[in-house]
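Novice: Sequence:
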Amino acid sequence: MHLPEGWQQLPDSFYLRNDVVLIARELLGKILVSHFDGELTAGRIVETEAYNGVADKASHAFGSRRTKRTEVMFGNGGTAYVYFCYGMHHLFNVVTNGPDVPHAVLIRAVEPLIGIEEMLLRTGKQKADYTLTKGPGNVAKALGITTKHTAYSLSGDLLFIVDDGFKTEEESIVATPRIGVAYAAEDSLLPYRFYIKNNKYVSGKKVKG
DNA sequence: TCTATGATCCCCT
DNA sequence: GGGGATCATAGAT
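For reference, each letter of the first sequence is one residue, going 2 to 210 in our numbering.
Hints listed in this document are in silico derivations from the structure and should not be mistaken for laboratory results. There could be a bad hint or two in this list.
[Said to hold, decoys possible] Below, in silico cross-link-like pairs of lysine-lysine (DSBU-like), each with a Cα-Cα straight-line distance of 30 Å or less: (1) LYS69 to LYS149; (2) LYS69 to LYS58; (3) LYS128 to LYS201; (4) LYS58 to LYS198; (5) LYS149 to LYS128; (6) LYS198 to LYS128; (7) LYS198 to LYS126; (8) LYS149 to LYS58; (9) LYS168 to LYS198; (10) LYS168 to LYS128; (11) LYS149 to LYS126; (12) LYS126 to LYS201; (13) LYS201 to LYS168.
Throw the hints in and build the complete structure from the sequences for me.
Specialist: Now the structure itself:
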């Protein structure tokens with residue numbers, strides 16, 4: 002496979018660290034790439050959420066709940082956790098940390114870079130506006146990610162994340178509570194959601210101008 | 001600009 | 001048997 006010059010696949014060591022909130026923050030500005038059936042699609046990550054394992058009421062792994070679905074989170078970091086939600090959406094997460102520590106980062110929005118025509122086909126949209134990859138359901142749909150890709154290694158050449166040297170300014174990063182996790186009681190207030198300020202692909206807020 | 005609602009199904013209890 | 005880490009649309013404001 003041929004990637005653009007300067008695109009460096011993230012090493013396992015990036016995912017194997019123990020601070021999932023830091024990793025969620027550092028994933029801003031990186032590029033999520035899928036290469037299924039010869040179709041290369043990629044987008045720059047502009048919104049993420051951290052899910053902090055067994056202590057986090059918003060996490061599927063809260064209380065060490067270990068099931069067929071969540072099993073991949075209990076494996077090694079650097080793999081994909083994809084699950085099906087609301088009867089129609091596939092949501093893509095990055096598993097982090099070592100075995101038995103079920104940390105994950107939900108990718109909530111990307112800015113399309115490569116394969117926009119293919120993204121339009123997959124989503125059935127007519128034109129590439131800001132809704133193409135806004136929100137976690139749309140990200141997975143545009144990149145062709147489904148539950149069959151859960152447990153895929155991000156060290157492979159089908160689904161992975163690269164660094165192209167893009168620098169995300171500290172002052173352009175915003176931290177807020179996570180979206181759609183009101184059921185998590187006090188944990189729903191934690192500032193575990195990160196996004197790039199003023200980016201039109203970020204979900205959960207209106208776009209002006 | 002907002003709120004309400006329907007679509008739709010896998011996974012867990 | 002019930003609810004969910006959502007999205008697009010319709011209709012009210």
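Novice: Against this structure, judge whether each hint is valid.
Specialist: How the hints compare with the structure:
no.: 1; hint: LYS69 to LYS149; in the structure: 13 Å, holds
no.: 2; hint: LYS69 to LYS58; in the structure: 19 Å, holds
no.: 3; hint: LYS128 to LYS201; in the structure: 15 Å, holds
no.: 4; hint: LYS58 to LYS198; in the structure: 27 Å, holds
no.: 5; hint: LYS149 to LYS128; in the structure: 27 Å, holds
no.: 6; hint: LYS198 to LYS128; in the structure: 24 Å, holds
no.: 7; hint: LYS198 to LYS126; in the structure: 26 Å, holds
no.: 8; hint: LYS149 to LYS58; in the structure: 26 Å, holds
no.: 9; hint: LYS168 to LYS198; in the structure: 14 Å, holds
no.: 10; hint: LYS168 to LYS128; in the structure: 29 Å, holds
no.: 11; hint: LYS149 to LYS126; in the structure: 23 Å, holds
no.: 12; hint: LYS126 to LYS201; in the structure: 17 Å, holds
no.: 13; hint: LYS201 to LYS168; in the structure: 18 Å, holds
Violated hints for the displayed structure: none, as all numbered hints are satisfied.
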